[in-house]
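Q: Sequence lines, in order, name chains A and B.
Going by the working numbering, the letters in the first sequence line up with residues 73 to 605, in that order.
Going by the working numbering, the letters in the second sequence line up with residues 411 to 875, in that order.
Hints may contain errors.
Stated by the list, open to error - In the DSS-like style, the derived pairs of lysine-lysine whose C-alpha atoms are separated by at most 25 Å in a straight line are:
#, chain 1, residue 1, chain 2, residue 2
1, A, K544, B, K663
2, A, K482, B, K472
3, A, K543, B, K496
4, A, K544, B, K496
5, A, K247, A, K271
6, A, K533, B, K463
7, B, K480, A, K482
8, A, K533, B, K491
9, B, K463, A, K482
10, B, K480, A, K144
11, B, K807, B, K837
12, A, K487, B, K663
To be clear, the hints were calculated from the coordinates, so they are not data collected in a lab.
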Amino acid sequence: MEALCNRHGLFRLKEELVRVPFVVKGRLVLPPEVSPESVREAFSRAGEYATLVKMENVQVLREPVIQRSSMKYTGEYIYQVMPAPGAYELIEPETATLADGLYRLGVDDILDYIESIVSTLLENYSLAMRVLELLRRTSEFPEAFLDDWINSTASSLNRETARQMIDSELSFMGKPGSQYLEGWVEVPGGAKSGWLRQKAVEIFGRNENMPEVKRPYVRAMPTRQLHITAGNAPEVPLVSALRAVLTKSAAVIKMPYGATLSGAFFAMAAVAAAPDHPITRHLSMVYWQGGDEAIEAELLMSGAFDRMVVWGGHEAIASMQSRTHFARAVYLNPRYGVSFIGNEAFSASLEEVAMRASLDVMIHNQKACSSSLVHYVEGSAGQAVRYAGMLQEALYRWDEEIPNFLNPLKKAQLKRMRRGRYIGAEWLVNTREGEFSSGVVVIQDEFDILDHPMCRLVVVKPVDRLEGALKKLNQFVSTAGVYPEERRLELRDRMLSRGVSSVLSLGHCENLYSGMPHDGMLVLGHLVDWKNS
Amino acid sequence: MQRQENIYRQLIKETRVWARGRQKGPGRASGLRHEAILNNHAYYMDNVPCYRKLALEEGLSKEVDLSTIKSSLMLEAGVFKSYDQKWLDNGDYTRMTQWLSDIYHRRIHVDMAGVAAIDEWIDRLDKNGIHVVYSSGTSGNFSFVPRQKKNRALSRTVNIAGLSPQLASRIGSGFAGALLRMSAAFVPPEGVMKFATRKSLGGYDGCFLTFRGGRMGNQSLIEELAPMFSQHYFLYTMDITGSALRSLRRGAKNEVERQLVEDLKREVLERKEENYRCIIENMQASTDAGKKVFVFGAPYQFKELCEILESMNRCLDLKEGSLGLFGGGWKSFAGEAIEREVLVENISLKLGLSPEMILEGYSMTEINVLTLRCSRGRFHIPPSIEPVLLDEELNVKDGLEGEGTFGFLDALAVDYPGFIITGDHVKMVEGECGCSLSGPAVIQVGRKAGVELKGCGGIMGSMGV
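All chains should be built: construct the whole structure from the sequences, respecting the hints.
A: Right under this line is the structure:
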C-alpha cells in the first residue's frame, strides 16, 4: 500500500498539493496531474470563499491549514487533488451479477474481509501516520480527538464486534442476524393456511394438486446503497462504509468535506487488502460537492439504488428528501443532546456534577448528535448561574488539556449571539489569547437551537421543575444525560416518549457498544431487504 | 443636539449633491457622517441600555474612534428580537415595552392595560409618539424597530434628497416629475416634503402588490406613499396583522388566532388568482383613464402577476412613464427564484414597461434609507450611511471591495442603536459609476447561510404560496 502511494505520489504533501485517490467499484482511480500554479489560479478566479474548484477531469478541495500550537489558521492552504468520476461509473445496473456474486458471500467471508483490511491498516502504520499528519494540518478537531479516533477505530473494527453488529441488528424471531444474512432461514412456527385454500378444498375437493402449506423462509437480502455522509465526525464515512460491508451490499459512499483523507485511505486499504474480493469490487468511495446536479440527478434517479442513507444538516436532509420521493431512505437527521440537572445537584457536590456534565458536552468536541448543547437546571436563576460557573470551570480545564479550535463561522455565530438576540443573557466565557475557547450562557428566554454554534458553548436554562422541561424535548433530541440517577429512572419513559433516543446517566452519553440502536433504529435492519420464500 | 441637527441638515444637503452626481470622492459628507456617528455613539452610551451594556463589556467609554465602533460596537440585527417569545405568547405587553425601552433612547412609560395583541401594542405606542415597525422572519420571531415620530421625518427627508434626482430622470414630465426635478435642483428637501403630501403624485395611480395595511417593514412605507397617488389599490384588500403572521409561523393558540390564520390563507392562497385578476383590471382602468401606474411589490409577486397575465393570454400596456419597483424576497422561494434579467424581461413584456422604468430597491427595517439599483446594476449607498464589509469571522475587512457580510453605521439612527451587522452576504464595489454616482455600492445581495429569511417574501414563501 505504501509502495503504491509512493509510486503515484498519493497522500503526500508537495507544494501545498495532496493527491487523493478514489475507489470506484474496487478500482483505484488516481487524480490527473495538475500544477500548483493552475490550482492556485483556479481558486483565485473562484473567489476567497471557494472551497472547491473543478478543472478538467479533476476536482480540488481547499482546506485552510491550522497551526496546532495556537489552534489558529496560518493563512496557508492544502489543496486536495481528486479525480472527478461520473455518475454512470458508480451505478450498479446489473442486479443479477450481484445476486450471483456479492450476495452469495457468507458471514465469515465478510468477517475475514474486515480482518484483512484491519491487518492491512496495521501493516501500513507509517502510512496511516502520514495520513493522520495531513489530517492534523487541516482538521478542526483537536489533536487528542484525532489520536483517539485512530485508536478507537482500530480497536473497534474486529471480527467480534462486526459479528455482534450483524447478530444484533439483523436479529429476527429470536435468531441471530448472521443466519439471515447467510441465506434462507426457516421461520419458527411455520405459516398458517389461508382462507382461500380452505375455500378451495370446499369448492374443488381435496386432491393432490391442491397447494400444501409450505414452510416459510426469510432472508436478509443485501441491497444497492448510496450513502451521503456528513463531516461532523471523521469516522462517519467509515461507519457508513462498515454498514455497507456488513450487509455485503454494493455501495457508493459519498465522503464529506473534512473527511476525504480518512475515507480515501480506508478505501485504498480495502483495495490493497482484497482487490478482487466481491465487496471491494462493488465498493465506491468518492467525493462530489453536495447538491451537484451533474452527478446527483443520475444517482437520485428512481431505481439507481435500493437504499439511501443520508447524514447531514437540516438543509442537506431537506434537499435530499425533496429529491428522493419514492426512495427507501434512512435519514440520520441533525440531532443534539441535552442534560437534565435535578435540584439535588445543589445539595451534592456541584463541582462533581458539573464535571460529569462536561463529559457529555465534550463528546466529539460538541459536534456529535449526542453532544450536550443545552442544560436544563432545576432551580432558581441564581442557582443556574452557580451551576454555570462550575461548568465554566470544568470546561476551562478541558481547554487547558485539549485546546479548542473555532473556525471563522463559529466565531461569527458567537458574535451574532452575544451582540444580537442573546445580548441580555449572562455570558460566562473562557478565553485563550483573548479569544473564546469555551463558555456557558444562562438564557432565561426562549433559545433557538439552530442558533447554537456547537463549539464548547453550553446554554443553561433554569427551570422550576425538570418535569416542566419535558416539553422542550422532541425528535431532534437524540440523547439526554440526567442527574441524579433516581430522577433519570423516574423521568426516563416520559422523556423517551417525546422522541428522545437515549436517556442515560449524566456523563455517560459517549458510551457505545456494537449493535447499538442509532437514532431509534437498528440501522443494518433497514439496509437489507427482508425477503420471503 | 444642536450641533447634531446642524450636521444632519448639512448631510442631507450633501446627499442631494451626491445624488445629482456632483460629488466625486468622499467630499465633506464623510467628515460630517463620521462626526454624527461619533456623536451617536456618545448619545447611545447615555441613553440606549443594550448598547451601553455591550460597550461596558468591551471596556469602552464615550471616547472612541470610528474603527473601534466598527470592530467592537456593532450590534447584530438579532438585537431587535432579543425579547422573550413567552411575553408575546402570554400577551405580556408591559414586559415587551420594558424590553423595547432597552433598545430605545428613551424609557417608555406607556400604560399597556387592555392591550392584547401585537397590533394593539404598536398602536398604543404610536399614540404615544413611538413608531414601531416590524419585520418577520420565517421562524415567526419578529424584529421590532422603534423610532420617535419626529425623527422619521429626517429619514423621509434624506430619502427624498437621495432618491429624487435618480427618479426625476426617469419620471420626466408632469407634476411628479417637476416635483422631483425641483427637489433635485433647487428646493431643499424639507421644502419638497411639504409638497409631497396628499395627491402630490396625481398623475399616477399606485398599484401595491401587497396588503392594504399593516406595520410590517415596507407595509408601513406603503401606507405613507399611498395617499400621494391619485388613487391606489392593493392586491390584498385586508390588513396584515402581526398576530396573524406570528400565528402562521408559530401555530395558533386559540380560536381567534386560528381564524386570523384562516383568513390570511384564504386571502393569499384561495383567492390568489381572483385578487390578481382584480388588480389587473384596476391597472387597465387606470390606463384607460390616461393615468400612469406605479407598481410596487416583491419579486415573487411580480412573477406571479406575469404568470397570471400569461394564463389570461394578456399583456397590459401601461401608460408611458409608468414605473415598477420591486425589492427584497429574492431568495424566499427555493427552486422558484428566477434571474433578475428574466423577471425584468417578463415585467417589461407583460406590463408594457421599458426596462429602465423597472426599478429595484434594497433596504431593511433597521436602516433609514432606501437605495435604488442604478442603470449599471449598483445599489449606491448614500452619504448618510457608513457601510462596513465584514469577513467570515465578522471582523471588519479592509476597504469596501469584494464579498462579505454587510454592516452599516447609520448616521441618522438616533432613536435606536444604528450600528448594525446584517444577515446579508453582499458583493461590493467602490468608485465612480457610469450612472454618474460615486462611492461604495452593493452589486449583489444574498442571505447568509443559516440566517433566516425575512420580510414579506420570506413569510409568503414559507406559506407555500
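Q: Of the hints given before, which are not true for this structure?
A: Hints 2, 5 and 12 are the ones this structure does not satisfy, whereas the remaining hints hold.
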